[in-house]
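Q: Listed here are the chains, written in short residue letters.
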Amino acid sequence: MTVRFLRNKVVEVEPLPDGSLEVLWRLTDDLLKAEIILKVQPPDLEIVQAGAKLERLVPEAWQSAPELIKKVEGVRIGSGLRKIVQGLLGGENGCALLVHAVLECSNAVILNFTRPGVQMLEGLTDEEKLSLTREMLKTNPRLIRSCVAFQDDSPIMQGLEL
Amino acid sequence: MITLNRSHVISAEFPDNETVRFNGIQDDHIYSMEITMDVRIADGEILAIDGKMKRYTNFVCPRAELILQSAVGVSLRKEGWDRLVMKEIGRKGCEHFAEIIIECGHCLDQARLSKALWQALEKDPAADQQAFVQNWINEHPENQLG
Chain A
1 MTVRFLRNKV
11 VEVEPLPDGS
21 LEVLWRLTDD
31 LLKAEIILKV
41 QPPDLEIVQA
51 GAKLERLVPE
61 AWQSAPELIK
71 KVEGVRIGSG
81 LRKIVQGLLG
91 GENGCALLVH
101 AVLECSNAVI
111 LNFTRPGVQM
121 LEGLTDEEKL
131 SLTREMLKTN
141 PRLIRSCVAF
151 QDDSPIMQGL
161 EL
Chain B
1 MITLNRSHVI
11 SAEFPDNETV
21 RFNGIQDDHI
31 YSMEITMDVR
41 IADGEILAID
51 GKMKRYTNFV
61 CPRAELILQS
71 AVGVSLRKEG
81 WDRLVMKEIG
91 RKGCEHFAEI
101 IIECGHCLDQ
111 ARLSKALWQA
121 LEKDPAADQQ
131 AFVQNWINEH
141 PENQLG
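Protein chains in written order, with the working numbering: chain A, 1 to 162; chain B, 1 to 146.
Excised from the complex, chain B in its bound form (with noise of 0.2 Å):
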């Protein structure tokens, strides 16, 4: 039988053209906790956050849901962005807490390409997918995507 299993899943939605807002579910047989994040595009800077713990292993653990507010200002394309987290975020508050912040900053370019691919086959349905992929990675450098 499978003796553990974790799920993360990550959602992305654009409310306005310089913000993606993501929530992020973290759910295995010990923990259980969700965070939603809005982030600045321009310059992957985190501009609000809030979290929940929905399952932990002792009672002091929601304290780390005030921790989170750290978060902020904390940009995802700094060198080191997720060791920073991590440390304040993780060390400080909760490192689930962490892993679905920085698992919601692995998702931050998928997303802004997943919305150009999306807007470039409304305009062109048969547009070849594999290279739009490989152009918007090259012409978008800062993307950490290979």
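Next comes chain A alone, as it looks inside the complex (with noise of 0.2 Å):
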């Protein structure tokens, strides 16, 4: 059977020489094509410049979207970001596309972070992987109960009185 709707997205983070990060986000789909582009400051996450280009059939209520997404920039990448975002480029006069993209954007710098400290423990024995992951759960309590490796239940949380 044949598709009728296909989309694709993609995200990408780039560190640049200056030590900030571009991040890139791309949509294309059957009725639309869009660009978003943040550049990320750390060691705070500040999002210190946006621009967005919406092309293809854009429902008239985001036409606005490249004004729109200026008004998350100087915002950090924290606690709380998803409740501003939804603030500023949200609701009735907002544009949801810019919401996901600026979070899935977001979400993608912190993956960015993720990425050495998972690829660090592909060289240890499962032992030392699971003495690693339970001393992670120390000192990151609010992983535990956040998905199904760290329920009460799980083989990881065995022992552990967190």
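One or more hints might be untrue.
[Unchecked claim] Now the stretches of chain A that chain B is said to cover, found in silico as 3 or more residues with beta-carbon under 8 Å:
#: 1; region: 3-13
#: 2; region: 28-42
#: 3; region: 52-64
#: 4; region: 112-125
#: 5; region: 143-150
[To be verified] With a Cα cut of at most 16 Å, we get these calculated EDC-like pairs of lysine to aspartate or glutamate:
#: 6; chain 1: A; residue 1: 83; chain 2: B; residue 2: 82
#: 7; chain 1: A; residue 1: 39; chain 2: A; residue 2: 104
#: 8; chain 1: B; residue 1: 115; chain 2: A; residue 2: 29
#: 9; chain 1: B; residue 1: 54; chain 2: B; residue 2: 95
#: 10; chain 1: B; residue 1: 92; chain 2: A; residue 2: 152
#: 11; chain 1: B; residue 1: 92; chain 2: A; residue 2: 153
#: 12; chain 1: B; residue 1: 78; chain 2: B; residue 2: 109
#: 13; chain 1: B; residue 1: 115; chain 2: B; residue 2: 13
#: 14; chain 1: A; residue 1: 70; chain 2: A; residue 2: 35
#: 15; chain 1: B; residue 1: 54; chain 2: B; residue 2: 28
#: 16; chain 1: B; residue 1: 52; chain 2: B; residue 2: 95
#: 17; chain 1: B; residue 1: 115; chain 2: A; residue 2: 30
#: 18; chain 1: A; residue 1: 39; chain 2: A; residue 2: 14
#: 19; chain 1: A; residue 1: 138; chain 2: A; residue 2: 161
#: 20; chain 1: B; residue 1: 78; chain 2: B; residue 2: 45
[Claimed, not checked] Derived coverage of chain B by chain A (criterion: at least 3 residues anywhere in the stretch with Cβ under 8 Å from a Cβ of chain A; other residues may be distant):
#: 21; region: 84-95
#: 22; region: 132-145
In short, the hints are calculated from the structure, not lab data.
All C-beta atoms, glycine included, are put in the ideal place defined by N, C-alpha and C.
Two chains, each in its own frame: build the complex with the hints.
A: Now the structure itself:
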């Protein structure tokens, strides 16, 4: 059976020589073509620059996206981000696509910093991985019950009193 | 160089007039997983779901495949559906599975609109596509596009 709709989305993180991160988010599907670029400045992960371009069959309500996205300049990627971005870019006069794009860009920035730690585990034995994961849970208690691996009945949690 | 790349590919087919079947793939440097789910068009209810973890970070992660079944019955039209999916599938199972379901949900109206536009162009190849899109959005107040 042929598909009647196909969406491709990609988000990329590229560290720049000045220490900032460029996050490029692109979407293409049967109806829309969109591109969002954010420049994020460590260490506080402030969005210092934001741009958006929407093409093809853009709903009227979303046509102000290039101006609207400027509202996230100055926002920091951190706690409360979902609510802040929804407040700035969402709602009746907002653009849901931009809300999703900015949150996905922000998630990609976090994953970018997560990747080296995940790769570091690869050379370890299963016992060493388990031990390090348990240590990580002690120092990051917000991870407890955040997914199936860290639920109370998970083998990882056995013996931990957290 | 690019140090993190994440892709989503979402496709929608219409096995009958009442149902849309999504296939969603998430692939990045760390994770790779896939979801197939059937959704009733009339009310956005998830009728069936199946998922496969292909790349993940620890040996417990594949247990999340079973948790996916709690998405059956969730309506992609109900206020706060995305938060519900993140809570029930994401936090109890895997947030990456939840992200794929949410992306499929975001494509529900786009898929319906795309199908309708295709059918309109079959009848009239010169139809004003921008006007068609806007009319469709205006005539379907349940849509989440605007």
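Q: Is residue 54 (chain B) close enough to residue 28 (chain B), meaning Cα to Cα at most 16 Å?
A: Holds, at about 11 Å.
Q: Next pair to validate is residue 138 (chain A) with residue 161 (chain A); report whether the Cα-Cα distance is within 16 Å.
A: holds (9 Å)
Q: Residue 39 (chain A) and residue 14 (chain A): Cα distance at most 16 Å?
A: holds (10 Å)
Q: How does the coverage statement for the region 132-145 of chain B fare against chain A, requiring three or more residues with Cβ below 8 Å from a Cβ of that chain?
A: Result for this restraint: holds, n = 5.
Q: Taken at face value, is the distance from the CA of residue 29 (chain A) to the CA of residue 115 (chain B) at most 16 Å?
A: holds (13 Å)
Q: Count the residues of the region 3-13 of chain A with a beta-carbon closer than 8 Å to any beta-carbon of chain B: does the count reach three?
A: holds (count 11)
Q: Does residue 95 (chain B) lie within 16 Å of residue 52 (chain B) when you go C-alpha to C-alpha?
A: holds (14 Å)
Q: Regarding the pair residue 39 (chain A) and residue 104 (chain A), is the alpha-carbon distance no greater than 16 Å?
A: holds (14 Å)
Q: Does the structure keep residue 92 (chain B) and residue 153 (chain A) at a Cα separation of 16 Å or less?
A: Within the cut-off at roughly 11 Å; holds.
Q: Is the hinted pair residue 92 (chain B) and residue 152 (chain A) satisfied, with a Cα-Cα distance of at most 16 Å?
A: holds (11 Å)
Q: Check whether the Cα positions of residue 115 (chain B) and residue 13 (chain B) lie no farther apart than 16 Å.
A: It holds: about 9 Å lies between the C-alpha atoms, which stays within 16 Å.
Q: Is residue 78 (chain B) within 16 Å of residue 45 (chain B), Cα to Cα?
A: holds (9 Å)
Checked against the numbered hints above, the structure violates none of them.
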